[in-house]
Amino acid sequence: MAELKLTGARKSFGTIDVLHGIDLAVKDGEFVVFVGPSGCGKSTLLRVIAGLENVTSGEVHIDGERVTHLPASERGLAMVFQSYALYPHMSVRKNMAFALENMGLKPAQIEERVERAAAMLRLTDYLDRKPKALSGGQRQRVAIGRAIVRDPKIFLFDEPLSNLDAELRVATRKELAALHAKLGGTMIYVTHDQVEAMTLADRIVVLKAGRIEQIGTPLELYNHPSNAFVAGFIGSPRMNFLPAVVVSDDGMLRLTVGERDVALPRAPSGLAAGAAVTLGIRPEHIDVAPDTGMLTATVDLVERLGGETFIYASAPGLPQITLRQDGQSQFHRGDAVAIRFAADHLHIFDAAGAALARP
Amino acid sequence: MAELKLTGARKSFGTIDVLHGIDLAVKDGEFVVFVGPSGCGKSTLLRVIAGLENVTSGEVHIDGERVTHLPASERGLAMVFQSYALYPHMSVRKNMAFALENMGLKPAQIEERVERAAAMLRLTDYLDRKPKALSGGQRQRVAIGRAIVRDPKIFLFDEPLSNLDAELRVATRKELAALHAKLGGTMIYVTHDQVEAMTLADRIVVLKAGRIEQIGTPLELYNHPSNAFVAGFIGSPRMNFLPAVVVSDDGMLRLTVGERDVALPRAPSGLAAGAAVTLGIRPEHIDVAPDTGMLTATVDLVERLGGETFIYASAPGLPQITLRQDGQSQFHRGDAVAIRFAADHLHIFDAAGAALARP
Amino acid sequence: MRLSSMLGQRRNGPGRPLHWTDIAAYVYLALGVVLMFGPVLWLVLSSFKTQSALLEFPPSLLPFAQVEVTVSGQPQKLPLFRAKLPDGTVRELAQVRRIGLIAQMVDPADPSQQFRVAIDKREPVRRVALATENYSEPLQRFAFLRFLYNSVFVTVIATLITLLINSMAAYGLAVYQFPGKQAATLAVIGTLMIPVTIILVPVYLVVTELGLTNSLWAVILPGAATPTGVFLLRQYMLTLPKDLIEAARMDKASEWQIYWRIVMPLTLPALAVLAIFSIMWRWNEFLWPLAVLTKTEVYTLQIALNAFQGELQTQWHYLLAMTVVTLIPVALVFVFLQRFITTGIGSTGMK
Amino acid sequence: MATGALARLGQVAVLPVGVALRLLDPPMRWMQRMIGARRMAYVFLLPNFVFFGLFVFLPIGINVVFSVTGGTALFPSQRPYVGGDQFAYLFDCGSYLDPSSCREDHFWRGVANTAKFVVFQVTAMVLLSLVTALVLNMKIRGRGFFRAVYFFPVLLSPVVVALIWKWILQRDGLLNAAITTLGGQKILFFVDPGWAMFWAVFVSVWAHMGFYTLILLAGLQAIPADLYEAAEMDATPRWRVLLRITLPLLWPNMIVVIVLALIKGAQTFDEVFVLTGGGPGTATLMVVQYIYETAFSSQVQNFGLAAAASVVLGVVLFVLTLLQFAAARRKEV
Amino acid sequence: GPAAAETTTLRMTWYSDGNEGEVMADLLKRFHEQNKDIEIVLDQVPFKAINETLPVQLASGQGPDMARVVDMGGLSRFALDMRPFLKDPGYWETNFGPFLEWMRPAGDTKSIPGFMTQLTVTGPFVNKTLFEQAGVAMPGEKSTWEDWAKAAKQVADKVQAPFPLALDRSGHRFYALAVSQGTQVFGANGEPDVVDGGFKRAAQLVYDWHKSGVMSKELWGSVSGTAYRGANDEFKNAQVVMYLSGSWQISQFAKTVGDAFDWVAVPNPCGLGGCSSMPGGAGLVAFKTTQHPKEVARVMDYLASEPVLAEFYSRSLFVPGHLGLAKKGLDYPTASPEAAAALKVFTASAAQISPIAYRIQGYSNSRIVLNAVISRLGQAVSGETTLEDAYKRITADVAQQIAERNKK
Ligand SMILES: Nc1ncnc2c1ncn2[C@@H]1O[C@H](COP(=O)(O)OP(=O)(O)OP(=O)(O)O)[C@@H](O)[C@H]1O
Ligand SMILES: Nc1ncnc2c1ncn2[C@@H]1O[C@H](COP(=O)(O)OP(=O)(O)OP(=O)(O)O)[C@@H](O)[C@H]1O
Ligand SMILES: [Mg+2]
Ligand SMILES: [Mg+2]
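Residue numbers (the working numbering), protein chains in the order written: chain Y, 1 to 359; chain A, 1 to 359; chain G, 1 to 351; chain W, 1 to 333; chain Z, 1 to 408.
These are computed hints drawn from the structure, not numbers from a lab.
Be aware that one or more of the hints could be misleading.
Within a straight-line C-alpha distance of at most 27 Å, the following computed DSS-like cross-link-like pairs (lysine-lysine) qualify [said to hold, decoys possible]: (1) W/Lys139 / A/Lys132; (2) G/Lys242 / Y/Lys132; (3) Y/Lys130 / G/Lys181; (4) A/Lys174 / Y/Lys208; (5) W/Lys264 / G/Lys181; (6) A/Lys132 / G/Lys242; (7) W/Lys166 / W/Lys116; (8) Z/Lys255 / G/Lys121; (9) G/Lys242 / Y/Lys94; (10) Y/Lys174 / A/Lys208; (11) G/Lys181 / Y/Lys132; (12) A/Lys132 / Y/Lys132; (13) A/Lys5 / A/Lys27; (14) Z/Lys211 / W/Lys186; (15) Z/Lys200 / Z/Lys392; (16) Y/Lys130 / A/Lys208; (17) Z/Lys128 / Z/Lys142; (18) Y/Lys130 / Y/Lys106; (19) Z/Lys288 / G/Lys295; (20) Z/Lys344 / Z/Lys142; (21) Z/Lys128 / G/Lys121.
Start from the sequences and build out the full structure, keeping to the hints where you can.
Rendered as structure tokens:
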């Protein structure tokens with residue numbers, strides 16, 4: 001259990017700058033999730049924390065102690081690698097036991113911990129196989145097992161569940177949550193999975209091209225993204241962004257969206273008439289309203305997932321709009337659909353993408 | 001574009017039987033998705049189709065021609081490997097061009113195809129890097145690019161999107177769908193992602209321990225799973241399974257679920273009173289009904305994803321029940337919640353797990 | 001440097017204290033410089049010694065030559081000594097002649113002053129002097145360029161053939177399962193057992209029957225298929241991820257293409273080792289060329305330079321100088337090739 | 001930089017090879033279509049085995065013929081058949097443990113010396129080249145220079161190697177000079193059998209270590225970096241990384257090194273010969289020297305006896321190597 | 001061009017100890033200038049090639065037309081009898097008579113295969129300066145080996161030289177001692193009977209000298225088999241008092257010792273069998289396999305002619321292997337005074353070589369004997385075997401090898 005602090009952490013590979021000054025404080029026992037587009041530097045940031053990569057400049061503190069130049073082996077962290085990095089010559093059991101042996105544990109203790117982790121990850125039957133005789137998902141579980149058998153100060157996970165099937169993923173996710181609850185260990189977790197990010201995180205860190213865009217609790221990010229990037233990145237399917245122009249009209253503000261004007265209950269401050277803004281609305285906040293629809297769009301594509309349906313529709317002059325419906329929608333390609341936006345859930349971003357405060 | 005037929009395909013590694021007689025016909029232009037738990041043999045099946053593994057027994061036909069013993073290079077298929085298997089000594093461009101060169105295309109053509117694929121996968125900036133200087137997601141995209149630049153008879157994808165971020169994943173998924181629509185190529189796709197499986201597949205093949213459990217369209221599987229395994233596997237979060245006993249009562253059938261009896265509008269045929277069955281109900285088909293609730297459960301855990309909320313609740317004598325709510329639910333841990341099952345969406349499985357026909 | 005860097009990793013943070021193993025490593029390297037390179041350096045220095053200085057006990061590190069001075073009144077230059085005179089003073093004197101145990105010496109500054117000095121009371125005055133004639137004389141006498149050409153031809157062609165056919169065989173043995181594989185592997189290993197020295201005569205007979213004597217091909221061909229190379233490459237190829245080869249098969253690559261476009265580049269480190277081995281071996285090869293090449297125009301450098309070894313005498317000064325000359329090209333090649341050994345591109349295209 | 005220019009030069013040199021290999025593709029493709037992909041293995045093996053056949057297997061055959069014939073004639077057809085006489089002569093011993101009880105005592109002394117030499121030499125070679133490879137694989141300043149330093153002796157011909165060390169080790173050589181300045185007594189290294197064997201081993205390790213180091217270095221480079229990172233995350237002490245990660249993963253290369261060192265060690269001849277001349281007495285006389293001298297240096301070029309001895313040597317080495325592989329296989333990854 | 005078509009190219013394989021290769025190249029060039037139709041390529045090789053690979057090449061028909069060889073008896077089966085092509089075989093008989101026998105196959109008394117490029121004579125060099133420093137008088141002419149050994153040991157003890165007496169580790173040098181101790185080498189039937197009384201006396205001397213420190217084990221005890229080991233370097237560094245080697249050392253000592261000390265060649269010490277030294281040398285021999293015997297003979301005629309040969313010997317500082325020249329005495333204008341004096345001593349002892357010494361050198365299996373002796377005595381000296389054992393093995397080795405050679 002430990003705190004972590006990064007100040008001004010930068011990392012370059014030769015001439016390629018990958019991290020541009022990361023400031024981040026992770027509290028003891030906190031579960032922090034890094035999300036961001038592929039290649040934005042999540043793994044690199046994790047490796048910097050782990051001590052596998054040295055920062056080009058900046059500092060890393062763990063538990064108040066400066067560890068910037070401490071090697072990974074002395075930082076007492078555990079990591080699940082995106083590439084798994086299993087020891088190919090060791091059996092699954094040996095892979096998991098290796099770190100414990102390093103810690104000088106007794107064989108009986110080691111055996112017990114390994115068995116427990118294996119049972120949790122459903123690996124018991126594979127304990128004596130070598131990694132090359134395992135499936136992708138099995139390998140990933142071994143990698144996870146290797147981290148959790150130890151009792152590290154901080155857990156670092158690099159997309160640990162990406163190769164697991166849905167069921168196992170949910171199960172393992174819940175196990176991790178339980179583990180976190182039980183051990184209270186500080187955890188730093190990279191994922192692409194919205195559900196994982198939203199459910200596991202105490203706080204989510206959104207990265208973009210080596211910079212932190214926003215840090216906050218999952219619902220903060222969902223409800224109050226500080227810019228269009230975060231708004232688009234959090235939530236799946238992603239938020240719809242519609243270009244709009246501010247029309248100053250009577251007491252309220254109206255935005256021109258496509259052919260229609262949308263009245264805003266109370267205007268965000270500091271918007272001049274004629275300013276170009278972006279309206280953001282999540283698919284789940286768009287209703288199909290045959291009578292009171294604000295827009296009529298044509299259905300391009302319907303994706304029925306069973307429990308819910310995504311409809312992709314387009315209206316003249318606007319980008320494609322995604323909307324979500326419960327159950328198995330009866331719309332089909334080419335149908336006209338009248339839609340309305342839940343005004344309470346509208347987000348407005350200025351030309352630079354920054355969110356404008358809603359009153 | 002091609003048809004594929006597998007008959008009685010078996011595969012063993014030494015003494016480990018991985019595939020136990022797979023019969024499968026894929027129609028020309030069809031998009032088939034393989035799902036199943038980790039280690040069930042999806043990758044192996046794909047490799048058998050590709051010709052990278054020889055079946056232990058059984059036959060493989062492509063376009064009516066028997067290819068069981070034809071080497072991979074002559075089957076004319078393209079594959080995205082779960083391990084990526086990028087050529088480490090070649091730049092991204094070369095990696096993608098390699099197959100085209102082998103096909104004897106002209107340099108200009110190659111260049112054009114590579115550029116197009118790179119643009120689609122947002123790899124244009126990385127074309128001259130070697131794989132080791134790419135992030136995990138970038139590598140995966142290169143692996144996809146390598147397959148799609150060719151115009152193969154059948155595409156084989158082994159979890160091609162597992163390392164992509166949500167946005168890119170949705171985008172690439174749609175691109176694949178578009179590609180499929182445009183080229184009409186036969187595609188076989190392994191995934192763990194429910195959304196991918198449901199949205200991309202013409203048909204889904206559910207595998208379990210080397211056997212096919214069910215083949216059907218996504219909604220068929222969702223609505224009419226032929227057994228408890230499929231029912232549990234398709235749909236996320238997974239279906240709730242509750243043990244029940246048939247109580248023969250008046251004209252209708254009632255099932256004892258926990259402490260309550262559930263009345264079934266019309267009984268499935270062939271159920272004797274006293275038989276033990278399993279009741280299946282998906283989280284999205286459970287409503288919170290303070291007044292008409294059939295059960296009252298205590299909330300164990302609330303996962304708020306922003307647009308929806310999963311509530312895990314337990315009632316005495318029953319396994320934990322998952323329910324889904326739109327929006328950000330106000331329930332908290334320890335709250336009591338009265339729930340009712342949408343009777344239309346109830347699934348009933350016999351003791352062996354087979355679904356009982358609903359009338 | 002820390003653990004990971006010791007084991008080949010890419011980090012090197014500033015301001016870290018040295019681990020004891022780092023210090024041990026540097027000590028080891030320093031020792032290496034002395035022990036491994038010292039003798040080589042000494043060889044180079046010795047090649048600049050005169051024939052006489054070369055045989056001297058105890059040997060000196062640097063090539064020295066006795067200082068000679070012109071003394072007026074003496075027709076020839078006289079060797080200079082540091083002589084201890086009976087009165088205890090030490091002076092630098094030139095020796096006019098030596099008779100028995102007594103040397104007759106003069107002060108070079110003042111030739112009229114003569115001394116008689118016991119020979120064990122004087123020491124030669126010496127300075128560093130390079131006997132460059134060790135190089136220039138044989139180079140003039142030798143058809144050096146001809147021999148160089150022959151050696152280069154043999155080395156380059158033989159190495160190319162070796163790399164090609166050995167890597168092909170290694171690829172065949174590493175990648176495929178086929179009937180007879182065990183036997184073929186055994187044959188390679190069995191072949192390894194047989195040093196050329198032992199089968200010199202039979203090979204000579206074969207080469208003679210093929211009519212190759214006194215052709216450079218007689219040197220190139222017999223050693224082209226080295227079991228060492230096959231073995232080395234095969235072991236290396238076994239570590240390549242199988243997926244890569246399968247990916248190439250999916251990409252419609254022919255087996256030949258998989259070999260030269262995928263496997264060969266990835267085997268580069270081992271190929272570099274083999275190339276170095278082959279070059280060095282071919283370049284230094286002596287016994288076999290000596291048997292099959294009898295004509296000056298096809299001599300390789302090694303035969304030519306060993307001609308300084310007679311029955312009863314060896315002209316070491318020439319031999320050493322020519323050894324140094326022949327060393328330079330291989331040293332350069334090594335410096336160039338060793339970079340490939342450390343490229344380490346094994347499996348970075350994998351997940 | 002000069003190395004850059006060199007690299008470019010190298011690329012230019014390799015270019016025609018690339019073109020040639022590309023030109024070979026169409027016939028090879030045709031071949032593949034004719035015989036199937038799997039049987040292409042034979043095509044890949046063919047050229048090498050043609051060479052082996054001509055220049056190794058055939059000569060071995062001739063050698064066997066030599067071993068059952070006598071006389072001094074060169075062509076096997078002119079040599080009288082003597083059956084197993086040569087072998088009988090070689091094996092005519094009072095006790096095989098005591099070379100001096102054998103008729104051909106030099107052969108047996110050679111066998112004993114070679115066995116001793118190989119044991120010491122291979123042990124030292126494997127250990128030292130491993131240590132050196134590990135050290136040279138570190139990220140240290142001047143790595144290229146140090147690599148060259150350790151490798152340079154490999155470039156020297158055996159004669160020169162032996163010569164250098166002879167100078168160093170002779171009565172008034174550098175080493176004795178050092179010993180006497182430190183106040184010790186001069187040691188006549190080549191008169192004492194123990195010292196002579198020691199220096200024979202030492203010099204041979206000195207001369208060839210670079211080559212084995214290179215093999216191990218290449219092997220070290222092939223170990224995926226992320227495994228070391230994983231080990232570092234697992235807080236593995238250095239020695240354990242070495243024992244549990246590096247060595248097992250290096251094992252295939254270690255097999256190469258051990259097998260090659262063993263075989264080359266057993267075949268050692270010229271540098272030891274130039275260094276010690278096989279002496280003192282016959283203390284460093286190696287089997288191959290015996291064979292070579294029997295066939296060439298003696299006035300009667302006794303090819304038959306030499307061939308018989310070489311057949312014995314070959315068989316022994318082959319059996320040893322097979323045993324090694326059998327032992328190694330169990331450990332392989 | 002057409003002129004080239006008429007030119008015959010002959011090949012001569014040659015090894016050098018010193019500058020004789022250069023001298024020969026000069027002479028051949030001169031010959032070519034006078035005889036445009038014959039060109040000779042001088043293929044200079046290490047001695048190893050002459051001794052080890054040349055026999056194989058000759059046996060397989062790949063040999064040169066001529067070669068400078070040492071094992072003349074061993075190669076005599078390949079030698080060309082040039083008599084039919086020589087201008088004046090009589091000249092050859094007269095001047096090379098005793099040496100021609102060395103080149104002839106056993107039983108042949110007539111053929112003329114070549115001539116001696118060099119006659120070597122074994123003999124001792126003495127570091128006179130060391131004697132002077134020690135104040136010990138040098139034993140005079142006709143002194144015995146024992147006298148010399150005693151004197152040398154005295155000197156060495158005084159001046160702290162580690163090598164009182166050094167004998168090259170070579171069969172030839174040993175036989176210089178053995179012949180002077182009266183060994184007969186051959187039995188009554190003409191076959192070798194190596195280990196006789198004289199031989200044992202000589203072997204015992206060597207053995208005892210090593211025990212008593214008169215000889216250092218560094219020469220005889222430190223290498224094995226037939227390996228040659230000389231003490232030139234040690235002599236050059238004034239560590240050897242008396243060094244039994246041979247005439248070929250002269251030019252090298254002249255160069256490397258320089259002014260460091262005074263060295264002299266002295267007549268061979270004596271024993272029960274007299275004071276003979278061992279002859280030896282290298283001959284230029286023509287081979288049967290040549291395609292151009294006539295041209296070869298012309299070249300040989302030229303090279304063997306008195307003025308040419310005289311120039312050759314005197315420029316390369318060799319003891320002449322030409323009876324006429326030996327009798328006349330040769331000038332060595334390039335030699336230093338010490339070298340010239342030494343050459344004179346050696347030329348003189350050449351004239352007093354005993355018949356038995358000649359017989360050994362001329363015996364076609366001589367190397368078998370010499371090699372066996374040196375190899376086995378070496379083992380005894382190093383302490384690996386006893387002298388008795390060595391005697392037994394010498395006899396056995398010689399018998400076995402001769403038997404092998406006679407297998408047809
Ligand atoms: N070479 C092999 N030797 C032995 N067993 C193997 C081998 N390859 C795979 N297996 C086993 O075969 C089973 C199926 O493996 P496969 O890779 O097909 O699974 P998968 O369905 O793709 O799993 P995942 O979703 O985790 O990738 C697994 O239990 C695995 O352990
Ligand atoms: N060794 C390297 N040399 C050069 N560039 C590198 C290196 N490693 C990573 N990069 C680059 O740094 C950037 C960040 O890489 P990183 O692996 O941290 O991304 P990521 O956020 O983990 O992506 P993903 O989600 O795809 O795994 C990428 O653009 C990548 O190409
Ligand atoms: Mg990453
Ligand atoms: Mg898989």
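Against the structure, the hints:
1. W/Lys139 / A/Lys132: Between W/Lys139 and A/Lys132 the Cα gap is close to 19 Å, so the pair holds against 27 Å.
2. G/Lys242 / Y/Lys132: holds, 11 Å
3. Y/Lys130 / G/Lys181: Cα-Cα ~25 Å, so holds.
4. A/Lys174 / Y/Lys208: Holds, at roughly 23 Å.
5. W/Lys264 / G/Lys181: holds, 25 Å
6. A/Lys132 / G/Lys242: holds, 18 Å
7. W/Lys166 / W/Lys116: Holds: W/Lys166 and W/Lys116 sit about 21 Å apart, inside 27 Å.
8. Z/Lys255 / G/Lys121: holds, 24 Å
9. G/Lys242 / Y/Lys94: holds, 24 Å
10. Y/Lys174 / A/Lys208: Holds - the C-alpha atoms of A/Lys208 and Y/Lys174 are around 23 Å apart, at most 27 Å.
11. G/Lys181 / Y/Lys132: Distance of about 23 Å is within 27 Å: holds.
12. A/Lys132 / Y/Lys132: OK: A/Lys132 and Y/Lys132 at ~21 Å, within 27 Å.
13. A/Lys5 / A/Lys27: This hinted pair holds, its Cα atoms lying about 8 Å apart.
14. Z/Lys211 / W/Lys186: holds, 19 Å
15. Z/Lys200 / Z/Lys392: holds, 12 Å
16. Y/Lys130 / A/Lys208: Holds, because 22 Å separates the two Cα atoms, which is no more than 27 Å.
17. Z/Lys128 / Z/Lys142: Distance ~18 Å between Z/Lys128 and Z/Lys142 Cα, so the pair holds.
18. Y/Lys130 / Y/Lys106: Measuring from Cα to Cα gives roughly 23 Å; hence the hint holds.
19. Z/Lys288 / G/Lys295: Between Z/Lys288 and G/Lys295 the Cα gap is close to 18 Å, so the pair holds against 27 Å.
20. Z/Lys344 / Z/Lys142: Given pair Z/Lys344, Z/Lys142 holds - Cα atoms ~17 Å apart, limit 27 Å.
21. Z/Lys128 / G/Lys121: Given that 27 Å is the threshold and the Cα spacing comes to 18 Å, the pair holds.
The structure meets every hint from the earlier list without exception.
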